Structure formats: C-alpha cells, structure tokens
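Going line by line, the protein sequences match chains A and B.
Going by our numbering, the first sequence opens with residue 1, and the numbers climb by one from there.
Going by our numbering, the second sequence opens with residue 116, and the numbers climb by one from there.
If you're looking for bench data, these hints aren't it; they were derived computationally from the structure.
Please read all numbers here as calculations on a predicted model, not as lab measurements.
Check before you lean on any hint, since a few could be wrong.
[Unchecked claim] Sample of chain B residues facing chain A (criterion: CB under 8 Å; computed from the structure):
(1) Arg151
(2) Ser154
(3) Arg177
(4) Ala200
(5) Phe203
(6) Asn207
(7) Leu214
(8) Val215
(9) Phe216
For every residue, glycine included, the Cβ atom is placed at its ideal position computed from N, Cα and C.
What follows is the residue order along each chain.
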Amino acid sequence: DTGVSQDPRHKITKRGQNVTFRCDPISEHNRLYWYRQTLGQGPEFLTYFQNEAQLEKSRLLSDRFSAERPKGSFSTLEIQRTEQGDSAMYLCASSFGPSSGNTIYFGEGSWLTVV
Amino acid sequence: SQQGEEDPQALSIQEGENATMNCSYKTSINNLQWYRQNSGRGLVHLILIRSNEREKHSGRLRVTLDTSKKSSSLLITASRAADTASYFCATNIQGAQKLVFGQGTRLTINP
Chain A
1 DTGVSQDPRH KITKRGQNVT FRCDPISEHN RLYWYRQTLG QGPEFLTYFQ
51 NEAQLEKSRL LSDRFSAERP KGSFSTLEIQ RTEQGDSAMY LCASSFGPSS
101 GNTIYFGEGS WLTVV
Chain B
116 SQQGEEDPQA LSIQEGENAT MNCSYKTSIN NLQWYRQNSG RGLVHLILIR
166 SNEREKHSGR LRVTLDTSKK SSSLLITASR AADTASYFCA TNIQGAQKLV
216 FGQGTRLTIN P
C-alpha cells in the first residue's frame, strides 16, 4: 500500500498563472478530500469527493479553484489566476467506507508559493 | 471558525518526560482523530477514538475522550526527541463528511 501520493511536492509560480495539483489516493479508498494549510495554522477543509461526485465545497473554494475526480480514482485541484494569498500547502487525504467515520489518511502535501 | 481548540499552543519538555495535549470542541461528534505533523510534511494519523469510547492506547500514546465536556487529551509517555512535531486534533462532526482541525500544539522535546 503506497499511501496518498501528491504531485508536485513544491510549485513556485508567478501571480496570475494557473497551477494544477494531482492526488492519487490509497487504492480502494472511495472518499477523497482536499485541505489547505498555511504556516502555523491547522488544515482547512476545501472540498470532498465520494467516488467521482463532488459532494461538498467550502466557501474557501473561490471561483478560481476547481477540483475534479473524473473516474473516482485520482483527483486534480486547479487554481486559476493565482494570487499571493493562495500560497499555502495543499493537502489531499483519502478514506474508505460508506460513512465518514473511518480513519482519514493524508499525503505529504503540495507546497505552493505565488511570487 | 475552528471546531477544535488545542491547549497548550506550545509545549517544551525534557526527553523522557510525559507530554499532555488537550483538545476542546463545540458540537457533537462521530469521532475524534489525532495527527502528528513534522515541519513541512504531511499529517500522520496517530489514533481515532469514537464518540462511544472513553480511552484508547497505541504504543506510548494514550487518548481520552469526554463527550460531556467536549474534550479530548493526548498523552505521550516517555517522550523522545523524534516526537518533536505539531499535534492536531480533528473532529468528525455528526452530519458532516469532513474533519475539522484545531490550530495544533507545537511540541518540542529537548534532549
């Protein structure tokens, strides 16, 4: 079992550019989550998928953010027209089960720096 | 707003001592999960305790849950330098599908 995999691990981009992060969850996990974490803070929920359906989105997920999980396996998180305030670590997590009551496993995160 | 509040925000102890971190939350939960995060890394799952459980152990970790007080504690016994990290509690709120995190406790173990 390879765990939750995220790519790239680090990304530096100029303000206004688009960036895309990929997440490969633990195989057979049907639930996938995206979180954002800034320095000194706890992770904040962005969005959640059950299989390919995006079931919940945070108000933090502005119109510039879009997440997909087209085949219920890997997921992508795209940020369009990046702003300096988007600089953060983007964490992906996955879990298995019919409900949300099971262990949620996190990846190593993707660091985004917007200059 | 944050569901969980960890206390203390920072803790520094000597190697070999026990470390206790507390977490309080506001609404009814299905379960509470504790995570460790080393600087710049992802979160490592430590332990999950369900709302109908009062105490769980895993190695040097002991977690308690008091749903009447809406609080949990994480005890690390016989601390090691490698335990230096940030520790987060995360609550799975009833009726919600996500975990809500507190701001964490930064633990420093001095050799």
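(message) Flag every earlier hint the structure violates by its number, smallest first.
(response) 1, 2, 3 and 4
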